Amino acid sequence: MASFEPNVDSSNSETSRESNQKKRRKIGDHATDNNSANAVPWRSEAEQRIYSRRLVEALRRTPSSQAKPRAAGQVRETADRVLAATARGRTRWSRAILGRWRKLRTQHKKAKKASSTGLKRTRISCGERRNRLAAVQKKARVLSRLVPGCRKVSFPNLLEEATDYISALEMQVRAMTALAELLSGGAPAGLDGGALC
Amino acid sequence: MSSRRSRSRQSGVSTEITDAQITDLVSKLQQLIPELRARRSDKVSASKVLQETCNYIKSLHREVDDLSDRLSQLLATTDSNSAQAAIIRSLLM
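Residue numbers (our numbering), protein chains in the order written: chain R, 1 to 197; chain L, 1001 to 1093.
Hints may contain errors.
Said to hold, decoys possible - No farther apart than 27 Å at their CA atoms in a straight line, the calculated lysine-lysine pairs in the DSS-like style are these:
#1 L:Lys1028 to R:Lys139
#2 L:Lys1043 to L:Lys1058
#3 R:Lys138 to L:Lys1058
#4 R:Lys139 to L:Lys1043
#5 L:Lys1048 to L:Lys1028
#6 L:Lys1048 to R:Lys138
#7 L:Lys1048 to R:Lys103
#8 L:Lys1058 to L:Lys1028
#9 R:Lys103 to L:Lys1043
#10 R:Lys103 to L:Lys1028
#11 L:Lys1058 to L:Lys1048
#12 L:Lys1058 to R:Lys103
#13 L:Lys1043 to L:Lys1028
#14 R:Lys138 to L:Lys1028
To be verified - Away from chain L, derived, C-beta distances all over 12 Å, residues of chain R:
#15 Ser44
#16 Ala79
#17 Arg88
#18 Gly89
#19 Gly99
#20 Lys103
#21 Lys139
#22 Arg145
#23 Phe155
#24 Leu159
#25 Arg174
The hints are simulated quantities; they were obtained by calculation from the structure and are not laboratory data. For clarity, every value in this text was computed on a predicted model and none was experimentally measured. For glycine and all other residues, C-beta sits at the position ideal for the given N, C-alpha and C.
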């Protein structure tokens, strides 16, 4: 599996007070330049097939035995990890997932949820009416907790990450569903045909 | 030093975040969400889009969890059956 080395390169609009955590992935690259262009084509079948294959390989490699079969949590983690790897490191959420896993493997499980939200100011430049802004901010905060690794990103970044993350999740669901169908003796043709959903 | 002006521009490269940019991103997000896809983007507020996004992500997470559960059970039985495993592998290649 490819190894994504998180470069310490905080060139994005993070607030400087988190310089402690700079060690962790602060690859604040891309986002402002090309919103859509980073998209892995999550909708393509090829991508799904790649993901499925990697997932199966990874699952086979997870330690399990007759006595202690793989737990659902393990499967979920593996699935997420492979998903993040398939993203090829171009998105923050994927790097966050990979970092999280690597950290768990090597050492202490330092909970990543270090601090409070960074979305105190959604940096919408003009046209703020206070009410609208507060509601949006609150929801943005919730969203930032749902997308891995996005607690401190700027609002536009968050939206981009969320967009990519949703597509990836959808693909994950499709792939895992197909796999489950396959394993339960369902129609293998579904994989080639592509009409999986 | 007030607000976001200084705060949001740490590095040299970042551009100013415009309303249009945000609107654009929000509408892209909206297109992804099944609930909101049908509605016209000027009729859906950003707040609603965010809300539905959160809900959607949560439901996707739940689905993945359920599937993980299912897969873990299925895999337990598959391990013992290597013929099936071979089939899976060949189908996925």
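Against the structure, the hints:
Of the supplied pair hints, the one linking Lys1028 (chain L) and Lys139 (chain R) holds, its CA atoms being roughly 17 Å apart against a limit of 27 Å. The hinted pair formed by Lys1043 (chain L) and Lys1058 (chain L) meets the criterion: a straight-line CA distance of about 24 Å does not exceed 27 Å. At most 27 Å may separate the alpha-carbon atoms for a hinted pair to count; Lys138 (chain R) and Lys1058 (chain L) meet this at roughly 16 Å. Proximity of Lys139 (chain R) to Lys1043 (chain L) is assessed by CA-CA distance (about 18 Å); at most 27 Å being required, the pair is judged to hold.
Taking the CA atoms of Lys1048 (chain L) and Lys1028 (chain L), the gap is near 14 Å; set against the 27 Å cutoff, the hint holds. Proximity of Lys1048 (chain L) to Lys138 (chain R) is assessed by CA-CA distance (about 12 Å); at most 27 Å being required, the pair is judged to hold. Pair hint Lys1048 (chain L) plus Lys103 (chain R) does not hold up; C-alpha atoms about 36 Å apart against a cutoff of 27 Å. A distance of roughly 19 Å separates the Cα atoms of Lys1058 (chain L) and Lys1028 (chain L); the hinted pair therefore holds under the 27 Å criterion.
Taken as a hint, the Lys103 (chain R) and Lys1043 (chain L) pair is broken in the structure, with Cα atoms around 44 Å apart against an allowance of 27 Å. For the given pair, Lys103 (chain R) sits about 33 Å from Lys1028 (chain L) by alpha-carbon distance, which is inconsistent with the 27 Å threshold. A threshold of 27 Å between alpha carbons decides the hint, and for Lys1058 (chain L) with Lys1048 (chain L) the separation of about 15 Å falls inside it, so the pair holds. With a CA separation close to 24 Å, the supplied pair Lys1058 (chain L) and Lys103 (chain R) stays within the 27 Å bound.
A distance of roughly 14 Å separates the Cα atoms of Lys1043 (chain L) and Lys1028 (chain L); the hinted pair therefore holds under the 27 Å criterion. Straight-line distance between C-alpha atoms of Lys138 (chain R) and Lys1028 (chain L) comes to about 20 Å, which keeps the hinted pair within the 27 Å bound. In this structure Ser44 (chain R) is separated from chain L by more than 12 Å, as the shortest Cβ-Cβ distance comes to about 16 Å. The Cβ of Ala79 (chain R) sits about 6 Å from the closest Cβ of chain L, inside the 12 Å cut-off, so the non-interface label is violated.
At roughly 20 Å, the least C-beta separation between Arg88 (chain R) and chain L is larger than 12 Å, which holds for a residue marked as non-interface. Distance to chain L confirms Gly89 (chain R) as a non-interface residue, since its nearest Cβ pair spans about 20 Å, more than 12 Å. Non-interface call for Gly99 (chain R) relative to chain L: holds, since the shortest CB-CB distance, roughly 19 Å, exceeds 12 Å. Non-interface call for Lys103 (chain R) relative to chain L: holds, since the shortest CB-CB distance, roughly 21 Å, exceeds 12 Å.
Once the 12 Å rule is applied to beta carbons, Lys139 (chain R) is inconsistent with being away from chain L; the minimum gap is 4 Å. With a least CB separation of 9 Å from chain L, Arg145 (chain R) falls inside the 12 Å interface cut-off, contrary to its annotation. The claim that Phe155 (chain R) lies off the interface is violated: its Cβ sits roughly 7 Å from the closest Cβ of chain L, which falls inside the 12 Å cut-off. With a least CB separation of 4 Å from chain L, Leu159 (chain R) falls inside the 12 Å interface cut-off, contrary to its annotation.
The Cβ of Arg174 (chain R) does not lie farther than 12 Å from every Cβ of chain L; its closest approach is about 10 Å, which violates its non-interface assignment.
Violated hints, in rising order: 7, 9, 10, 16, 21, 22, 23, 24, 25; the structure is consistent with all others.
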